[in-house]
Each structure stands twice: as C-alpha cells, then as structure tokens.
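Novice: Given the sequences, and given the hints that come with them, work out the whole structure.
Numbering (the working numbering), first residue to last: 1 to 887.
These aren't lab readings, by the way, just hints derived from the structure by calculation.
Straight-line distance between alpha carbons at most 30 Å, and here's what the computed DSSO-like set of lysine-lysine pairs gives:
#, residue 1, residue 2
1, K36, K106
2, K376, K350
3, K538, K107
4, K688, K832
5, K368, K308
6, K303, K283
7, K249, K283
Here are the in silico distance ranges between beta carbons for each label pair:
#, residue 1, residue 2, range
8, L119, S527, 47 to 55 Å
9, D23, A66, 25 to 33 Å
10, E151, A369, 41 to 49 Å
11, S232, K28, 36 to 44 Å
12, D269, A631, 54 to 62 Å
13, T570, T703, 29 to 37 Å
Positions of the beta carbon are idealized from the N, C-alpha and C atoms, including for glycine.
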Amino acid sequence: MINQNTDLQQVRFAVNPSGCNKDWDFEKLATGYEDKSGTLEDVVEHVMQGHAIAAGLFGGKRRCKANVTGTCWILGDIDNSKVVDGEKVYDPQLTIEQALEHPFIKKYCGLIYTSASHLYDWHRFRLVFLLPEFVEGCEEIEQLVRFMMTEFPFLDPACKDASRVFYGNTAAEFPLYQPNVTLPIDWVHQAKEQARLDRIAYQARCEELRRRKELYPNDSKDTDSLVMQALSFIPPRQPGSGNYEECTKVAMALVSHFGESEAERIIEDWSPTITGDSWNVSKKVRSYKRSGVAIGTLFHIAKGYGFKFPSTENKEARRVRSTQQPGDVIYSEDERLRLALLDLSQEKDKIAYVRKRAQICSHYRISKAEIEELIKDTSRKTSTTGLKRTSLDDLLDMEIEELRWLIPELLPSGEMVILAGSPKSGKTLMAVDAAFAIATGEDDFLGLRPQRGKVLLISNDENARSTKSKLLKRGFRRGDDLEVIFNWNISQLYELEQLLDEYRPNIVIIDSLKSITANSTEISENSAEFANNIYLLKSLFNQYNAASILIHHTNKCKDAMGVHKLRGSTAIAGAVWGTWQLEQVPKPDPDNNNKLIIDPADPKRTLAVHARDVEGQILALEFDPENNSYARTDKEVLKEQATLCDRILGVLRINPQGLSGRGIIECLGMSIEQGRSVYTVLNRMEAKLLISTIKSPTDRRVTLYTTKISQHGSVTDCKLVNTGGDSLSPTVCVSKLLTISETTTQYGIQNSQHQNENSQQLTENSQHQNDTSGTDDYLYPLPDGHSGDSQHLRETGGGGSVNQLTVNFGTESRKGQSNNDLLERPFRVGDKVASSNPESPAYKWQGTITRMHPTNPDTCYVDYPERKKDGHKQTEISARMESLRHL
1 MINQNTDLQQ VRFAVNPSGC NKDWDFEKLA TGYEDKSGTL EDVVEHVMQG
51 HAIAAGLFGG KRRCKANVTG TCWILGDIDN SKVVDGEKVY DPQLTIEQAL
101 EHPFIKKYCG LIYTSASHLY DWHRFRLVFL LPEFVEGCEE IEQLVRFMMT
151 EFPFLDPACK DASRVFYGNT AAEFPLYQPN VTLPIDWVHQ AKEQARLDRI
201 AYQARCEELR RRKELYPNDS KDTDSLVMQA LSFIPPRQPG SGNYEECTKV
251 AMALVSHFGE SEAERIIEDW SPTITGDSWN VSKKVRSYKR SGVAIGTLFH
301 IAKGYGFKFP STENKEARRV RSTQQPGDVI YSEDERLRLA LLDLSQEKDK
351 IAYVRKRAQI CSHYRISKAE IEELIKDTSR KTSTTGLKRT SLDDLLDMEI
401 EELRWLIPEL LPSGEMVILA GSPKSGKTLM AVDAAFAIAT GEDDFLGLRP
451 QRGKVLLISN DENARSTKSK LLKRGFRRGD DLEVIFNWNI SQLYELEQLL
501 DEYRPNIVII DSLKSITANS TEISENSAEF ANNIYLLKSL FNQYNAASIL
551 IHHTNKCKDA MGVHKLRGST AIAGAVWGTW QLEQVPKPDP DNNNKLIIDP
601 ADPKRTLAVH ARDVEGQILA LEFDPENNSY ARTDKEVLKE QATLCDRILG
651 VLRINPQGLS GRGIIECLGM SIEQGRSVYT VLNRMEAKLL ISTIKSPTDR
701 RVTLYTTKIS QHGSVTDCKL VNTGGDSLSP TVCVSKLLTI SETTTQYGIQ
751 NSQHQNENSQ QLTENSQHQN DTSGTDDYLY PLPDGHSGDS QHLRETGGGG
801 SVNQLTVNFG TESRKGQSNN DLLERPFRVG DKVASSNPES PAYKWQGTIT
851 RMHPTNPDTC YVDYPERKKD GHKQTEISAR MESLRHL
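Specialist: Here you go:
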C-alpha cells in the first residue's frame with residue numbers, strides 16, 4: 001500500500017473496480033464508474049489493482065459522452081504500432097526511454113505507467129497530465145486532447161473521446177512519478193484559444209456558404225457543394241490498396257480549401273483515422289499548412305472515378321446569354337474559370353498542361369500571359385496561411401523545445417546541412433562515415449558521439465555497386481539500421497513521404513542536390529528560386545523530425561570564400577541550418593615552389609562548419625583508408641578546449657549561482673584578450689547541455705552561465721552579494737576554499753592533463769553548496785607556486801587555473817551537516833554499482849541500475865547478473881541507495 005501524503009496535488013477521477021486488467025463484463029465496463037477524489041498515489045493503487053480509469057467524470061452515471069461533466073487530467077495512450085496487410089506490427093514512435101527524455105514530458109507529465117499489453121521490446125504505456133484547474137464539458141475536454149496531439153501526434157486518436165476508458169494493469173511499471181506536476185495554465189488557455197479560432201473559422205465558412213446560397217440560390221455549381229459531390233466519388237484510404245498518395249493529395253486540397261478545423265471534420269467523415277496506420281487525420285491536417293495543393297487537385301482525382309461537373313447554365317442563365325454580346329461572361333462562368341485554373345495549376349504533365357491552357361484561352365478568350373497571372377493570383381487566395389503577431393514578452397514566455405543534437409555541435413535533429421566540396425574530395429565517404437556512427441553506434445564521428453538512430457540514404461550519383469562497396473568498407477553489415485533509395489528525384493515527394501512515414505529515419509542523406517533536381521530544367525541553380533526545392537525537402541523532413549545531409553558541389557571561383565564557395569545561388573546556403581565545407585589541403589608543387597597543387601593521394605582534409613546556433617569552426621581531418629573513416633588531427637586544440645572546459649566547469653561548480661562570461665574569465669585569471677576563446681568554449685558547452693544560461697537577478701540585460709541542476713538533487717539558495725559588476729560575485733571565498741582538503745578524490749576537479757572524460761564526470765557530480773557571509777575575499781584560482789591572498793591574484797592576471805585546487809564533490813552528505821558540506825554523487829539509471837556492505841555477497845558483484853522506484857526516491861532497482869550463478873531466477877532486485885556504492 002502506498003503511503004498517503006496530504007500535501008500532494010488532489011485530483012478528481014472516475015474509476016471502475018468491477019473488473020481487472022482487460023477481463024471485463026462490458027455492461028459493467030459501461031456502468032460501474034465512481035467519481036473519486038485523491039492523489040496520483042491513489043491512481044497508482046487503482047491501476048495496480050487492475051481497475052479501469054476514464055478520461056472524464058460521469059457523475060455516477062453510465063459511461064458516454066453525454067454524461068461527461070468534466071475532468072482534472074488528460075490521458076494519452078502510446079501504442080507504438082501500425083497496421084501492415086491487416087495486422088498490427090511494431091512501429092517505434094516513442095519508447096519509454098525517449099519519453100523520459102522528452103522536455104515536455106519531463107516538465108509537465110505527472111505519471112507514466114505501462115499498459116497490460118506492454119512488452120520489453122514493444123513499449124505500450126500511458127501518459128497522465130494533470131490540469132491546473134477543473135475543465136467542464138465534453139467538448140472542452142476533447143479540445144484539450146486535440147491540442148495535446150499537436151505536441152504528440154502519435155497518441156492513439158481514440159484518446160480524443162472524452163469518455164474513453166483506460167484499463168488497469170496489475171503488473172504495471174511506473175517509470176515516471178511526479179505527483180505535484182501540472183500543465184501550465186497558459187497551455188490550457190492556448191488550447192482554448194485555438195479551439196475558439198477553429199470555431200470562428202468554421203462559422204465563417206458556414207456564413208460564407210449561407211451568403212453564397214442567398215446571392216445565387218439557383219447556382220448549382222456552388223464550390224463547396226461540388227467539393228462534397230466530387231469527394232463522394234473518391235475511395236477512402238485503405239491499407240494495402242496503394243491509394244496513400246492519392247488520399248494525401250485529397251486531404252491537402254481539403255485543408256487548402258476549407259481550413260484545418262472544417263477539413264479535419266470532413267476528412268474524418270470521408271476516410272476516418274486508421275489506428276496503427278500512418279493515416280492519422282489530425283496529424284496529417286496539421287502538417288499541410290504549406291502544401292500548396294489547391295482544390296482543383298481533388299476535382300482532377302474525382303474525374304478519374306467518374307465525377308462530372310453538372311450543367312453550368314439553368315434556363316435563366318441561357319436566357320441571359322442569348323441577350324449578351326460575344327465575350328461577355330456571367331458569374332457562373334467566372335466560377336467555372338476559377339475551378340479550371342485551379343485544376344490547371346495542379347497539372348504535372350507538360351503536354352496536358354499546354355493542351356488545357358489552350359482550351360481555356362480559346363473558351364474564355366484570354367491570353368497565355370493572363371492565364372499564368374490568374375493562376376498565381378488564385379493560388380495566393382486559396383492559401384490558408386496567415387500571419388500571427390507575437391510580442392516580445394510572449395516570445396520570452398514561450399515554451400520552446402531545447403535544441404536536440406543528432407551529432408553534437410554539428411547537426412541537430414530535424415535540421416538540414418549541406419555537405420559541399422569539390423568532385424572526388426570525399427564528400428560521400430564523409431556522409432557514409434556519419435551514417436555508420438548513427439546507424440550502428442559502434443564508432444564516433446569526427447570525435448563526437450552521435451545519437452543512435454535509423455539512416456535513409458538516397459544515392460543518385462553512384463550506382464548500386466559503388467554504394468555497396470563504400471558501405472561494406474566502412475563496416476556496415478546485415479541488420480544495421482540503414483535503407484537505400486536509388487534514382488529518386490524531387491518530383492517524387494509523395495513517394496518519399498510514404499517511405500518516411502513507414503521507416504521513420506532519424507537522418508536522411510541525399511547524394512546529391514544536383515542529381516535529384518536534374519529533371520527540373522525550368523529553374524537554374526543560379527536562381528534564388530532554386531532554393532524552393534530545399535524548402536520543400538525541409539518541410540517534409542520536419543514533419544518527421546528527421547535531420548538531413550544534402551551533398552552539394554563547390555564552385556570553381558578561386559576568390560570565393562565561406563558559403564560563397566557553394567555552387568549556385570547564395571539562397572541555397574541560406575535555406576539550410578548549416579554548411580559543412582570539405583576541402584583538400586593544397587601543398588607546394590615540387591616542380592614549382594610558387595605554385596600550390598592538390599595531391600589526390602593526400603589524406604589530409606579541412607572541414608569548415610558554418611551554422612545558425614553555434615559558432616563556426618574549422619576541423620583538421622585525416623582520411624583513414626583502412627575503414628573509410630575520418631579522424632581529427634588537431635589533438636592539441638581538442639586538448640586545450642577540454643582543459644578549458646574542465647576549468648570553466650570547476651569555476652561554475654563552486655559558484656552555483658552563476659557567472660557572466662567576463663566573471664568566468666576573471667576567475668580563470670585571464671585578461672580580456674586571453675579570454676576571448678572562453679566564449680567559444682562556453683557556446684559549445686551550452687550546445688552540449690553541460691551548462692545553461694539564466695538571467696542575472698541584479699541586471700536583467702546580463703546573461704549568467706551556470707551548471708545544470710541534477711534532477712535527483714538541488715542547490716540551496718546561496719547568499720547573493722551584489723558588487724555592482726556585470727554578474728554576482730562568486731560566493732566561495734579564498735580563505736574558505738583553502739581549508740578544503742587538497743587530496744585528489746574520485747569526484748574532484750582533476751588537473752588539466754586529463755582528457756574529455758572530465759567534462760562528463762563533472763556534469764555527473766551534484767552541485768555543491770556553500771554558506772557565505774561577511775566580506776571575505778572571493779575565489780580567484782591560484783597561479784602556479786602561489787597559495788596567498790586574492791589581492792595578489794587580481795594583480796598577476798594570467799596563468800591561474802582551477803586545477804591547482806582539488807575540491808571533493810563526492811563527500812557523503814549526512815544529517816546535521818551545514819550548507820557548506822558537499823553533496824554525495826547521485827545515482828542514475830545506467831550507473832554501475834555494488835553493495836557498500838563488505839559482508840554482503842553483492843559487495844563483489846557488478847550491478848546496473850535499471851530504474852527508479854515510482855514513488856520512493858530513496859529506492860532503485862539493480863540488475864545483478866551474478867545472481868543467476870547463485871541459483872536465482874530473477875537478477876533484478878530493489879535496493880536502497882544508501883546501501884550502494886559506485887563502481
């Protein structure tokens with residue numbers, strides 16, 4: 001029984017104790033609900049007893065939408081499946097591990113628990129989000145769920161039902177338990193505002209339809225009515241039928257014509273969401289805002305199924321026509337012309353386009369130039385994209401997801417980079433090297449550890465034999481997460497979207513930009529409009545949060561520098577998040593000392609990185625022909641950066657309230673000129689999430705750098721001393737620091753000769769706390785050979801480093817210690833541990849922490865493989881953290 005805590009957030013919920021797990025009498029499942037009040041601990045108890053809970057409250061009545069009175073939470077179901085050939089198969093959209101790292105879930109989700117059908121290799125679980133206030137009404141609840149699905153489009157669409165039931169699970173696991181966490185009130189207001197705007201848009205459409213009918217009661221060609229007639233001819237989405245692309249175009253056209261809200265309703269009526277399949281109407285509708293597909297496409301498709309436009313003239317219209325002069329047009333002809341132009345704008349076949357345009361010219365007596373101008377004007381007016389103004393305050397308050405790196409410092413998830421270089425410089429080999437590190441996780445890429453994921457390689461520049469050879473040479477083997485497409489071009493976006501929807505790659509590599517646009521001869525790559533191809537690809541990849549590497553060539557201009565070396569318009573470089581420019585290193589011509597040449601056998605390369613969110617950098621590389629990989633040769637630069645990173649972390653650890661860049665430089669004993677490199681390292685540390693930035697409490701225009709606070713511990717408030725500078729003075733003074741033992745410890749600040757692992761080690765240490773008072777001199781690291789006062793340190797400038805001072809961050813925290821005492825290193829999932837009791841058999845074992853207890857923060861679960869040797873069937877046991885030690 002979970003202990004009750006009256007301080008926890010109270011919640012009202014409906015529970016049905018009449019059955020267990022999925023074993024139910026369906027009449028009782030519909031009638032046995034009780035409205036209760038309690039905490040998430042009570043909810044956990046009901047789930048573990050197999051009781052069913054509901055999305056809304058029913059007031060003790062039968063479960064149905066009409067009886068829903070309101071709710072205190074939003075429940076989401078993650079099934080990780082899709083339907084293939086009529087059967088549900090595993091489709092990993094959000095695993096438990098990914099959910100625990102998702103910023104929105106970490107911040108606002110109160111509870112995660114596994115469902116009865118959950119498997120270790122097929123994650124099925126529920127998300128419970130507590131609302132900050134009780135929300136009344138069935139429609140209001142469903143509006144909130146729809147808004148939540150914009151954040152998590154892979155939620156089971158059935159969750160939109162306000163009377164939805166969620167079965168219990170007697171074997172449930174609870175990976176996340178945050179009983180006092182709720183969704184922000186601003187989020188609820190945003191959801192309600194979006195619903196209000198959707199209603200306004202729907203009412204506006206209805207009013208427009210009513211107005212049209214009043215003005216033209218006899219006009220049988222009313223566009224909306226024609227759309228619905230045409231839609232009735234088109235078959236709905238059916239898995240395995242091959243009509244995915246066609247249905248996608250129809251949905252895009254409906255969104256373009258009706259707007260999101262009404263289009264979603266119409267599409268659901270025509271072709272409802274298919275659970276487990278990629279046909280998720282809500283998700284599709286919200287990804288079509290800039291599709292560019294107009295309603296003419298729908299009519300074009302419907303014609304293939306037998307749809308015909310009705311007669312364009314009634315008796316009155318024919319009477320009017322008989323009295324008009326040639327060339328006069330009545331309203332119905334205007335409407336028909338508009339539809340003809342929409343249909344023409346969607347025509348992809350060149351011959352059919354010219355033929356249709358000629359027919360319009362002949363029938364309406366207008367020129368080709370006028371038709372092209374009308375097409376542009378019609379396309380603009382049918383677009384549903386609007387402008388939204390955001391104030392600075394709203395922007396600063398906006399919840400923006402942190403940059404997630406697929407390749408640290410080089411490529412974030414969902415972004416696109418161009419990898420450019422001269423022919424045969426090794427661009428494809430570098431892309432394959434990155435693909436290997438991502439797909440297998442067995443190697444680094446340029447000294448960086450990427451996120452593991454799936455890779456989709458679009459190979460157009462090489463044949464299958466060359467591609468296979470490169471993949472095998474780099475180390476790819478059967479079963480690795482990589483798929484290849486040959487001979488794809490930009491006109492096949494729909495086919496690519498279908499593949500993305502099925503495969504869900506983490507990165508798409510395209511080799512090359514020129515080859516995929518080879519058939520698009522209308523626009524030169526020297527034109528700024530050529531970048532529209534890149535924007536199309538970016539929009540498509542963003543829908544699936546897939547990063548991308550687009551291989552391109554550099555130009556022949558010897559005077560070009562930076563991104564201007566990319567071939568074609570500068571708009572190409574402007575359309576992407578960043579550029580990687582791979583260059584061979586020139587060397588003196590042995591026959592002419594005044595001339596430089598490129599030696600094709602020379603393995604040395606440079607990679608210039610230009611990006612939006614990080615500082616540019618130039619990497620010195622060397623190609624290894626043994627396995628077709630690249631390695632960095634600027635080891636001294638890496639060593640200096642790692643050392644400076646360690647020193648900065650050391651300063652910030654003992655000044656947890658934060659320091660400005662200038663304050664950090666001063667603490668490091670550097671001059672302003674010497675400290676310019678500090679800002680570069682700070683930016684990279686922030687990109688790697690080793691540190692974060694906060695606003696100064698004394699000067700709102702100053703940014704402070706600080707180490708991130710562990711989720712398993714927090715830093716107590718330090719006494720802030722305002723010295724009138726650009727940041728708060730460090731709160732650890734020299735006299736206090738010198739009293740700390742200089743013995744090197746396992747978790748201390750190590751000397752500057754240590755390598756990159758110091759950064760990771762320091763980030764895993766808990767923040768240490770210090771109680772400061774009085775007017776002691778504040779911390780400035782000691783130069784070599786000095787142990788004296790801070791005045792000397794201020795005057796010497798330079799040479800100081802944190803590595804001469806060893807601070808034990810691993811000192812165990814005990815009851816009764818003051819804030820000056822140092823916290824123990826926290827335990828986390830994945831840590832290697834053993835028992836701290838020498839008398840225990842587990843003292844010599846090596847275990848791994850697999851999960852934390854859902855409600856008891858002092859307890860975790862440890863997997864000891866050695867238990868099998870002692871005859872135990874189960875290797876995982878629970879353990880109190882105070883009885884463990886790190887290995």
